[in-house]
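Peer 1: Below are the chains, spelled out letter by letter.
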Amino acid sequence: MRYLIVALALIANPLAAQDFSEGSKARSWNLYAEQPATFEATVVDVLCTLTGNCPDNCGGGTRQLGLIRSVDDVMVLPLKNNQAAFTGAASDLAAYCGQTIQVDGLMIEDEDLNAKNLYMVQKIKAAGGDWVKASQATKIWAKQFPEAKGKGAWFRRDPRIKEIIGREGYLGLGLEADAAFIEENF
Amino acid sequence: MNSFTKLIAIAMASFGLLPSAGFAAPPDAAPEGKRIQVKGEIIDTWCYYSGVMGGPDAVVGSAHHTCALWCSAGGIPVGLLAEDGTVYMVIKIDEDDTSNGGPTALRMAAHTIEADGIHYERDGLNYLVVNQVVSDLDIQNLTHDDYGNIPAFSIPDPNK
Numbered sequence: 000m001r002y003l004i005v006a007l008a009l010i011a012n013p014l015a016a017q018d019f020s021e022g023s024k025a026r027s028w029n030l031y032a033e034q035p036a037t038f039e040a041t042v043v044d045v046l047c048t049l050t051g052n053c054p055d056n057c058g059g060g061t062r063q064l065g066l067i068r069s070v071d072d073v074m075v076l077p078l079k080n081n082q083a084a085f086t087g088a089a090s091d092l093a094a095y096c097g098q099t100i101q102v103d104g105l106m107i108e109d110e111d112l113n114a115k116n117l118y119m120v121q122k123i124k125a126a127g128g129d130w131v132k133a134s135q136a137t138k139i140w141a142k143q144f145p146e147a148k149g150k151g152a153w154f155r156r157d158p159r160i161k162e163i164i165g166r167e168g169y170l171g172l173g174l175e176a177d178a179a180f181i182e183e184n185f
Numbered sequence: 000m001n002s003f004t005k006l007i008a009i010a011m012a013s014f015g016l017l018p019s020a021g022f023a024a025p026p027d028a029a030p031e032g033k034r035i036q037v038k039g040e041i042i043d044t045w046c047y048y049s050g051v052m053g054g055p056d057a058v059v060g061s062a063h064h065t066c067a068l069w070c071s072a073g074g075i076p077v078g079l080l081a082e083d084g085t086v087y088m089v090i091k092i093d094e095d096d097t098s099n100g101g102p103t104a105l106r107m108a109a110h111t112i113e114a115d116g117i118h119y120e121r122d123g124l125n126y127l128v129v130n131q132v133v134s135d136l137d138i139q140n141l142t143h144d145d146y147g148n149i150p151a152f153s154i155p156d157p158n159k
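So the sequences go chain by chain: A and B. Take the first sequence: its letter number 141 is residue 140 in numbering that gives the first Met the number 0, and every next letter is one higher. Take the second sequence: its letter number 35 is residue 34 in numbering that gives the first Met the number 0, and every next letter is one higher.
Note that these hints are calculated values from the structure, not bench results. Just so you know, these numbers come straight off a predicted model, no measurement behind them. One or more of the hints may lead you astray.
Using 25 Å as the maximum straight-line C-alpha spacing, the simulated DSS-like pairs for lysine-lysine come out as follows [what the hints assert, rightly or not]: (1) A:Lys138 - A:Lys148; (2) A:Lys150 - A:Lys161; (3) A:Lys24 - A:Lys132; (4) A:Lys161 - B:Lys33; (5) A:Lys115 - A:Lys24; (6) A:Lys132 - A:Lys148; (7) B:Lys159 - A:Lys150; (8) A:Lys148 - B:Lys159; (9) B:Lys38 - A:Lys115; (10) A:Lys115 - B:Lys33; (11) A:Lys124 - A:Lys138; (12) A:Lys148 - A:Lys124; (13) A:Lys161 - A:Lys148; (14) A:Lys142 - A:Lys132; (15) A:Lys150 - A:Lys138.
With the sequences and hints as input, model every part of the structure.
Peer 2: Below, the structure written as structure tokens:
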């Protein structure tokens with residue numbers, strides 16, 4: 000009976016169907032399943048939250064970070080930051096470990112792929128702070144790999160990626176397979 | 000926090016009976032994990048879920064190997080796409096907990112692996128702690144025959 004009462008209260012509660020797009024100024028990426036969404040959340044270490052394996056400071060930028068929404072305790076997983084450069088959001092969020100912040104971005108909800116509570120962080124607002132773009136990942140990468148300094152996109156210069164492609168090829172099937180593919184397609 | 004307590008907490012928060020800030024599940028509220036053995040491909044979850052480069056069949060396997068490397072190194076969460084279509088967000092592999100661009104997931108980009116680990120489920124998403132990579136079968140999904148290379152600029156044009 001208690002469960003029924005709580006369930007009915009939740010159904011009747013307008014927050015249960017809260018529209019997180021209200022107030023969002025997120026930029027569209029013209030994605031099939033995007034929905035603008037802004038909400039308050041606490042930045043957490045996902046592995047820590049799920050398993051209790053909790054290093055200091057959420058792992059100092061080495062781990063994936065989640066956003067536990069204040070209003071409903073849902074853990075949203077950010078997949079992407081604001082940059083069009085194959086970059087995730089964990090590096091941008093790492094500075095806010097344990098803090099309650101406001102985020103603005105795009106929620107990805109796609110029933111066909113069972114996608115829910117996946118997010119692209121475009122902007123971050125710490126308590127008492129101003130909105131900042133979640134666009135720090137490539138700058139953080141540049142500090143980690145000073146030897147890769149140069150022109151062009153970071154992902155063409157990353158030594159880890161270059162080493163793997165140099166060994167396995169672009170297709171990952173070996174250099175001979177690459178050569179045949181390039182001969183046929185370029 | 001059990002499910003009933005969680006329901007009560009959400010209801011109280013919704014009615015303004017709890018402060019909204021900082022209402023986060025502490026580690027001791029962690030969901031129960033379940034040991035599983037699963038076989039699947041290590042994928043780039045952003046391209047898979049967002050559709051930014053096409054449908055899900057185009058952003059896996061050899062066609063997408065280079066992009067999967069970029070995204071893994073760039074800190075986009077890697078997933079394990081199981082044979083039944085379930086995607087597990089991989090948050091640790093063996094002793095490597097550096098899920099933000101770490102080396103173990105990077106070298107397995109687009110590879111099919113057999114994993115033994117602990118499955119956690121929270122808020123509609125599946126998470127996987129891989130305790131052991133039982134086998135790394137390299138790239139099994141030869142999608143480049145159908146899709147070329149995705150994105151098209153992933154292989155630099157040798158004529159330019």
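Peer 1: State the violated hints by number, sorted upward, taking the hints as numbered earlier in the document.
Peer 2: Per hint list: 4 and 12 violated.
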